[in-house]
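Asker: Spelled out, the chains give:
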Amino acid sequence: MDLFLQQLTNGLAVGSIYALIALGYTMVYGVLKLINFAHGDLFAIGAYLGLTLLTTFGLSQYLGPMGVVIVLAVMVMGLVAVVGAVLERVAYRPLRQAHRLSAVVSAMGASIFFQNALMLVYGARYKVYPHDILPKNAVSIMGFEIPLVRLLVLLTSVLMMVALYLFIQKTRIGTAIRAAAIDQRAAKLMGINVDRVIMIVFLIGPALGGVAGLMVGLYYGQINFTMGWMYGLKAFTAAILGGIGNIPGAMVGGLLLGVIEAMGAAYISIAWKDAITFMVLIAILIVRPTGLLGERVADKV
Amino acid sequence: MKKMSVFMLVLMIGLLGAGSALADDPVRIGLMAPLTGAWASEGQDMKQIVELLAESLNAAGGINGRKVQVITADDGGDPRTAALAAQRLSTQKIVAVIGTYGSAVTEASQGIYDEMDIIQVANGSTAIRLSEKGLKHFLRTCPRDDEQGLVAYQTLKDGGYKSIGILHDNSSYAKGLADEAKTLLDKDGANIVFFEALTPKQNDYTAILTRMRASNPDVVFFTGYYGEAGLLLRQKMEMNWPVPFIGGDATNNPDLVKIAGNAAAKGFRFLSPPVPQDLDTPEAKAFMESYRGKYNGEPGSVWAVLAGDGFRVVAKAIEATGSEDPGKIVAYLKNELKDFPGLTGPISFDAKGDRVGDLYRLYEVDAGGKFVLLP
Amino acid sequence: MSLLQLQNLTKRFGGLVAVDNVSFDVPEGAIVGLIGPNGAGKTTVFNLITGNYRPDRGDILFDGRSIRKLPTHRIVHLGIARTFQTIRLFPKLSVVENVLAGRHCRMKAGVIAAMLRLPAQKREETAALAEARAEMAFVGIERDADQVAENLSYGNQRLLEIARALATGPRFIILDEPAGGMNDFETAKLIRVIRQIRDRGITVLLIEHDMSLVMEACEQLVVLENGAKIAEGTPGEIQENERVIEAYLGVEEE
Amino acid sequence: MKDVRPVIYAVFCGALLLAPFFLNAYWVDVLNNVGLYAILGLSLNIILGHAGLFHMGHAAFYAMGAYTTAIINTSYQIPVLWLMPLSGLVAGVAALVIARPIIHLRGDYLLIVTIGLVEIVRIALINNVFGITGGSNGIFGISRPELFGFRIRRPEHFFFLIWGFAAITVFLFHRLENSRFGRALNYLREDDVAAEGSGINTAHYKLIAFVVGAVWAGMAGNIFAAKMTIIAPESFNFWESVIMFMIVLLGGRGSIPGVILGAFLIVGLPELFRQFATARMLVFGAIMVAMMIFRTEGILPPRPRRYPAAVADGGGDGP
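Protein chains in written order, with the numbering used here: chain A, 216 to 516; chain B, -15 to 359; chain C, 24 to 277; chain D, 8 to 326.
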């Protein structure tokens, strides 16, 4: 039982990062019906930018650990949001009227571009975040030793998700985003500036991806230029698992994916872990073809 | 439509025109390395080192008065790209090729070089079978997995551990080493409580560590690469698990300490051929000096340095035989070259083209994050 | 004899009873209209007949045989063809290819025959093309054969859907608001086409809001309201029927 | 407008046929890779281009074909090319079994499942499933193919094998496209409710599209195994599927010339960019985005099928 709970927290920690990245996929998908294959690379850019900002400004000399994290997060979110918006303007907007898959190829091209740009700028070797930013101690909860950082990761992700959810549900811009997600043409007729909505989505999604990258950097320490591909794929899986286009779905899908991975590794096989994850995913989709929280679209005939 | 046809035409001409090779004076030596892809850092190091050595060789007058030209091809760390790279290099009138890193990648190129009578000196491909095929022109400056397996077995045995966990990453190399060590330990009746593979390039290994911890080993032997090893050490410390880790030679990279942090890396031991920093031969010292001078840092790993050794033995053999005949060069390397002063210690080859001598040393990471050679 | 018999058909969507215990027969060779206010469940009845939805209760007999559990393409194969309320053509394909889609279920050639272009396959293709052209000529759109379907006028798109349905070689055809979006001239043409279809021996069941078309073309009407059948009879009888008048009162006429 | 396409095709074929006599072994081998991916792209085109199914796991079928050949050739010494039909068959049967439960998934849900498929296959191969795949070492020592007693070993030899097979593929697939089967796939791609309502068994055709594509990918796997003589799981990773996917979309969904051009661009361009050294993939990525922006429906989108004019009795023959 102890082991089970331990693995559960392991899974939730990983899953919360997947969830944060998955949010970006799902938001963009909701409005544009586009799988932004470059999203994982925006996440990696966030991780690298975080490192650059941290080392060039020597933030930890002036601020306490929480201060560093918050200032970094804000800066990274801002910068990655700009990259995301530029990506949308350059690589996706010209393809908006084209077949959906055309934009997918453009996204893949952008992904290759970003990944290699990171390699050229930062080099192919692993990059490492300084070790002394975050506290190393563990807290004891119900007899468990849980590293404090891990709790912070989990907490930050959940906070971000709640904030995003409230933003989408309660604000005017959020309503416009939801309207555009349901029917772009109708939204346009209702006087919603769809271009602006898309731009906002391409600011928020990448910002969340970027902050996830920063968290991975701070938490795990090690980053490399190919990391976006792996995390991107996992997060896309999470978004689909939850029902793509659905914001709570991305959260549930991400956390669940992390837990499935941890449990697969714990109780079945470590080497087959990723295969088990995909098998579970396929099984779930066979039963629920539009993911856990996805709407069931009945055929309108 | 017209634009299209022009485009096709240009493409065809490009393909037709780009392939012409020029014949000229210098001794041409190929380098096949993973300049892009997952192992790009190793490949770029290999290129830096071989180019540096070629430069200093040329500055010193070249081989028998002839300049050396290094021709590099990117194998992408992937067998299919490697086969292409090999085809590309074999049209470039090279005498020998240095490289490459991964065993499967080397394997995909071996046949092509052999058919073209080009000497291949691999630097990081430790899979046993590569030299068991009877290829005439294949050599390597790195030791084989069975040798390291034997050393690993000795180390684990001498440590007196009662229960042993073995973790690899399912790569051809790490799996080979893990299997080799396990076979020897099993013969001895050692208690292996854990034998599994992790998935590389994923940041979170806590699930695996938690499970491994439950099987309660006295020591863990990890045969994979330094990136994962660093994370394992770090996450192991975060969960307050004091078990000692021993790594295979792929963990020999200063980045390991950077990733794990000094505190977590302290006490980690690994097997490796000695790195040039630890050799006090004049060659190694001179090399390190010029490397630091040019690239302002240390070489990333011993494998890239072994590519440098490959280059040096080939240059030596061409000089000694005064010939570019592959048969003569290989015969010289296998039969006459004895204890050549390499950057990684004395180099000799056996009849299969494998490097002779027990190369492995045991290193430990000290509190300051330095790799200390254990006696 | 009745070609199609609906027996106590019921379909629920969540709490809503879309079709409530509906029974009626369609005699062979007739033109029958299914009418009723918006949301009465007419299209749902069609979707039940063609297998797009499964009934919760009741049965559908075609030529005396239950088709309740058959997939749509099997039902088409048995001889029931349909058009859709919202036009569903293959918009990027040419008109002739759209009609050939209907021919598909009467053809046999498989992958290997197609790759090797066997003589039987070639004959079949030639014949199918001729039949497709005949159906286009029948509805009067043969001049647009090589147009892309989405470029056709609205009325012609409706006719193209009918041609595609006819190309399946049906005994029974279901038309869902065939005059929707047509002008008077096109509607008049449509009425001629519907009669000609019947003259070919094909039984017709149609939903239509255009009452002039219904009264002129149909020989028998079935009226639905809130999913239930409220009347059945000749156009004359229906026009007199109290309940029908009541049902249509207050409902805006289209 | 006069149709210049046949002229372009003829020039292209002529140039291609003469290429091995002028190019060195390296460039011939580049062309071999292009050819191999053209075959793979054409087979994926049936599924992705014609049937419109988002399938990003084609490398799984390619792997099955290659491993079938490798395992049987190394254990029973059966000549490599004889195993080509068997490789296709194994991949085809696997497609039939795998695709059945997932075929009803829509768009992106199918996409992730097929990505999962290729990952499951790769992980199974790495973990030496059934003890026959050789784990991450893969399988080595696959013998060279022989055709009519001639031993195929050098790139120039493979050139004719690969492009010969590509030519056969084009010939057969062109006919397939212009048939009842090809049209049925297009109908269900455009609107599967309407297709079903027109009497087309859409589930069946989706399945058959998968099977035909998989059979061809399996046969391409056979050639790949013969050419490499060693195969390893990493040759069939998700990235390979992505490459095939991009070839079809960049070239033009449903267009044979488009897919072949796509193979030239996606496989050939990175080779032309070698002068950019480590930046070559960066340039490649940027060019992909640019090409997609300038030709949003692919570079050579398919042309509409032509049907002989009315009262055609010599007809049935497509363009």
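Quick caveat, the hints were computed from the structure, so don't treat them as lab data.
Watch out, some of these pointers could steer you wrong.
Partner residues are not named here, just some residues of chain B that face chain A (Cβ under 8 Å, in silico) [unchecked claim]:
id	residue
1	N154
2	G211
3	G281
4	E348
5	D350
6	G353
Below 20 Å or equal to it, Euclidean Cα-Cα: the simulated EDC-like pairs (lysine to aspartate or glutamate) are [unchecked claim]:
id	chain 1	residue 1	chain 2	residue 2
7	B	K77	D	E197
8	B	K250	A	D217
9	C	K115	D	E163
10	A	K248	D	E197
11	B	K354	A	D347
12	A	K248	D	E304
13	C	K115	D	D199
Across the chosen pairs, the derived CB separations fall in these ranges [stated by the list, open to error]:
id	chain 1	residue 1	chain 2	residue 2	range
14	B	I112	A	I483	50 to 60 Å
15	B	V340	A	L220	35 to 45 Å
16	A	L335	D	H181	35 to 45 Å
17	D	V104	A	L220	31 to 41 Å
18	A	L335	B	P10	22 to 32 Å
Note that the Cβ used here is the ideal one computed from N, Cα and C, for glycine as well.
Asker: Which numbered conditions among the earlier hints are violated in the structure presented, ordered from lowest to highest?
Answerer: Numbers 3, 4, 5, 6, 7, 8, 9, 14 and 15, in rising order.
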